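Engineer: Listed below are the residues making up each chain.
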Amino acid sequence: MKKLLEITLGIVTSIGGFLEVGSLATSAQAGAAFGYQLLWAIVLGTVCLIFLVEMSGRLAAVSKQPLAGAMRERFGYPFFLIPLVAMSLLGVLVLASELGGLSLALQLVTGISFPWWAPLGAFAAWLLLWKGTFSVIEKGASLFGLITLVFVVAVFRLHPDWTRAAAGALPSMPRHEPMRYWFIAVSIMGASIAPYLLYFYSAGAVEDKWNETDVPVNRVTATLGMLFGGALSIAVLVVAALVFVPRGIRIERFDQIAPMLTPIMSRWGFFLFAAALGIACFGAMLEIALSVAYLVAQGFGWKWTEDARPRDVARFSLVYTATLIGGALIGIVGVDPLAITLMSMALTSALLPIAIVPFLILMNDPHFVGKHGNGWISNTVVCAIVALAFVLAVVSIPLELMGS
Amino acid sequence: MDIDVIRDLLDKQLVDREGEPLGRVDGIVMAYSADAPPRITCFELGAQTLARRLPRPFQGALAWLGHRLSPRGSSPYRLEVSRIIQLGRTIKIDIDGTRSAARETERWVRDHIVARIPGS
Amino acid sequence: MSTRNINVELLLDKEVKDSEGRNAGRIEEIRARREGEEIVVEAYHLGPAALLERLAAPVMRLSLLRALGFHRHAHGWRVRWEQLDLSDPEKPVLRCPRDELVKLAR
Amino acid sequence: MLTRWRMSCAALILSLLACGGKSVADQIAEHDRVRVSWEQTSRFAGAEWLDLAVPDAYAARTLQRASEELRSDSEALTREQLPSRELARLHAALSIVRARADALARAVRARDRDAVIRMVNESPRANADSLLRQAALR
Chain A
9 MKKLLEITLG IVTSIGGFLE VGSLATSAQA GAAFGYQLLW AIVLGTVCLI FLVEMSGRLA
69 AVSKQPLAGA MRERFGYPFF LIPLVAMSLL GVLVLASELG GLSLALQLVT GISFPWWAPL
129 GAFAAWLLLW KGTFSVIEKG ASLFGLITLV FVVAVFRLHP DWTRAAAGAL PSMPRHEPMR
189 YWFIAVSIMG ASIAPYLLYF YSAGAVEDKW NETDVPVNRV TATLGMLFGG ALSIAVLVVA
249 ALVFVPRGIR IERFDQIAPM LTPIMSRWGF FLFAAALGIA CFGAMLEIAL SVAYLVAQGF
309 GWKWTEDARP RDVARFSLVY TATLIGGALI GIVGVDPLAI TLMSMALTSA LLPIAIVPFL
369 ILMNDPHFVG KHGNGWISNT VVCAIVALAF VLAVVSIPLE LMGS
Chain B
20 MDIDVIRDLL DKQLVDREGE PLGRVDGIVM AYSADAPPRI TCFELGAQTL ARRLPRPFQG
80 ALAWLGHRLS PRGSSPYRLE VSRIIQLGRT IKIDIDGTRS AARETERWVR DHIVARIPGS
Chain C
1037 MSTRNINVEL LLDKEVKDSE GRNAGRIEEI RARREGEEIV VEAYHLGPAA LLERLAAPVM
1097 RLSLLRALGF HRHAHGWRVR WEQLDLSDPE KPVLRCPRDE LVKLAR
Chain D
373 MLTRWRMSCA ALILSLLACG GKSVADQIAE HDRVRVSWEQ TSRFAGAEWL DLAVPDAYAA
433 RTLQRASEEL RSDSEALTRE QLPSRELARL HAALSIVRAR ADALARAVRA RDRDAVIRMV
493 NESPRANADS LLRQAALR
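Residue numbers (the numbering used here), protein chains in the order written: chain A, 9 to 412; chain B, 20 to 139; chain C, 1037 to 1142; chain D, 373 to 510.
Accuracy of the hints is not assured; some may be wrong.
[Claimed, not checked] Listed below are the simulated DSSO-like cross-link pairs for lysine-lysine, each with C-alpha atoms no more than 30 Å apart in a straight line:
id : chain 1 : residue 1 : chain 2 : residue 2
1  : A       : Lys11     : A       : Lys147
2  : A       : Lys379    : B       : Lys111
3  : B       : Lys31     : A       : Lys379
4  : A       : Lys147    : A       : Lys311
No lab work stands behind these hints: they were computed from the structure.
Bear in mind that the values here come from a model prediction, so they are computed numbers and not experimental data.
Using the sequences provided together with the hints, build the complete structure.
Structural biologist: Following this line, the structure appears as C-alpha cells:
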C-alpha cells in the first residue's frame, strides 16, 4: 500500500511541478503562430525528460549520491565548475522569468502595475524556503500546481480535431517564418528538459532516503508523472491554437496570452488562467532556488538539507537567498518577461550538453550505479534529443538575436 | 587494503564522527623523499587549495574571493590521514565537526549573516 | 634526505619525461595501500590524460561507441614509486628508460 | 584536414546568415502580420470586455499596449528601406488601427459600452474558417 501512495504522490508532484512560465509561454506562442505544427517539440522534450528524471532518481537511489555531488566526485573539481557556473547563472535567469510570470499573474488578478510585484514575489518564495521543510514545499507547490489541469478541461470543451493534432506530433518543416519556428521549437525543448528539475529531483530522492527497492517505483512515477506533465503542455498549445489562430492573434507580448481561457470559461477563465500561471511560477521559483543551492552545496561539500533550520545549513540557505535576490533584480529591471522567458529557454537548450553529457557518463559508470547502469536505449534517446536541441539552439539563437 | 588515491580520496565528501559534512577533499598532501616510499599525510580543504587547482588565469580571482569569504585568511585547513575512521562512499574523520576549523566559514556565515535574519 | 610536501591534485595531468627526455604520458592515478594509520604510495599510473581516463572508462562501456569502432587503444604504464623522481614536482622524471616499465592492463 | 573542416564551417555559417537576412517581401509581410495581430488583439480585448469576461484594468492596459506596439512598429518602418508605395500603405493602415486602439482604450476607461460596441463592430473581423484551414487546425 505504501508503494501505491508513493507512486500517486510521485505522479502528482510531477504533474503539478511540470508546467511553469517557460512551458506555458512557449506552448501558447507555438499554438498561436503555428497551430499544431510544433507539437513534436513538446513530445521530444517530454520523452527526453522522462529518461533524465528516471535516471536522476535511479542515481540517487543506488549511489545515495545526488547528481551534483556525484558529478564533482566523478569529474573532479576544475571540470565540475563548468556545469556549476553555467547552471547557476541559467538558474537565476530562469528564476527571473518565473518571477515575471508570477508578477504578470498578480497584475492580472489585482490590476495593479507590474514591476512592483517582482521583489514581493521573491520575498514570499524566500519566506517559504526559510521557514518551510522540503516535503512541505515539494508536496504543497505540486498539489496547488494541479490547478494547471484547467487547460485539460479547456481542451475537451474545445473539441479539437484529434487526428490533425496527432499529425503535429510528427516533425515537419515550417510553411512560414522558418527562423521563428525553429527558435520556438528550441525554447519548447529548453522549457521541458529543465536541468534544474534533475538536481531538485535527485536531491529530493536523497532527502527522502530512497534505496534500490525504489528504482522500479521511480521508473513508474517518472514516466507517468512527466507524461501527464507533457500532456499539460500539449493542452496549452492546443487551446492557444484553437483560441488565437481563428482570431488572427499572434503572441508578441506576455499579456496577450492572458485571455486564453475566456472564450471557453468567460470571467472564470481569466482568473483561472492567472491563478494557474501564478501558482505554476511560484512552485518553479522554489524548485529553481533550491536546485541552485543543492548544486553549489553538494559541489563544495557543505551540509545541505531543506529540512533543517537555516542557521544549521548557513551557506546552503545563503545560496538560495542570493539566487532569489538575483532573480528579483533582473525582474525589477522590467524587461519584457516573454523576451526573458523565451531566451532563457533557448539558452537552456544550448547549455544542455554541459549538464547532460557528464550525467550520461555517470549513469554508465559501474563505480556509481553498479548494475543499475543505463541501457543502450536511454543512452541513445537522450544523446539524440540533447544533440538535436543543442544544434537547433546554436543555429536559431544568433538568428533570433539578429532578427529582433 | 589498496587505495586509488585520485578515484577514492580526491574530491570525496568528508564527514565528522557524527556524519556531519566537513567539506570535500580539495587537496591531498604527499610527503616525498627520494629513498623512501612517499606517504599520503593529510587532506587539504579550503578555497585557497581550490584556487591553486584552477588554470593560471582564474587562480587570482578565486584566491581573492576565497580570502574574502574565509575569515581565517588564506592558509588551507589540513586533516591528518591518521584520523580516518572509515573510507567508503564518504570519508569519516575522527573529529568533532562543531568546533573544527574545517567548518569555520560555515560558522562565520551562520553567526554574521544567517543568525541575524529573524526566523532562522 | 629532505622530505618535501607535494600536493597530489597538482601532479595530475603533469607530463612525465623518461630518462631520454621523451614524453612517457601523464600521471593519471596513484596506487597506495593503507598500513595501520598510514597510507603508503606504491606506484603511479601514467596514461594519455587523467580526465580522459575518468571519462574513457565508462564511456567505452557505451556499446554504441564500440559499435562505431572507438575501441580502446589507449595504453598506460605502471611506474613503481622508486622509478619516479619528483624532486621537482613541476617536471616529474623517470629514473629508468621507458621500456623497463610494466604495461597497464586496460 | 583542418582547413577543410574550417572551410565547411564557414560555408555553413554563411548559408545561415543568408537565410537570416529578411527580404523586402518578408519585411512587408511581417509588418502586416504584426499590425493585423494587434488589430485583432484590440478587437478581442474590446469584445471580451463587453462580455464582462476580462476586468476593466486588463482591457484598458492591453489596448494601450496595442497602441504602443503599433507606434514602435511604425517607428521601425521609417528605419527600413521599403518601396515608397508600400511604405505609404503600411503607414496608413498602421495609423487607422492605432487610432482605433486609442479610441477603444479611452472608451473602456470611460466605461462607454455603446462606443466600444460600435468600434468593435466597425473593426474588421478575422476570417476564422480560412485561418483555421490555413493552420491545418480543421
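Engineer: To test your reading of the hints: which numbers does this structure violate?
Structural biologist: none
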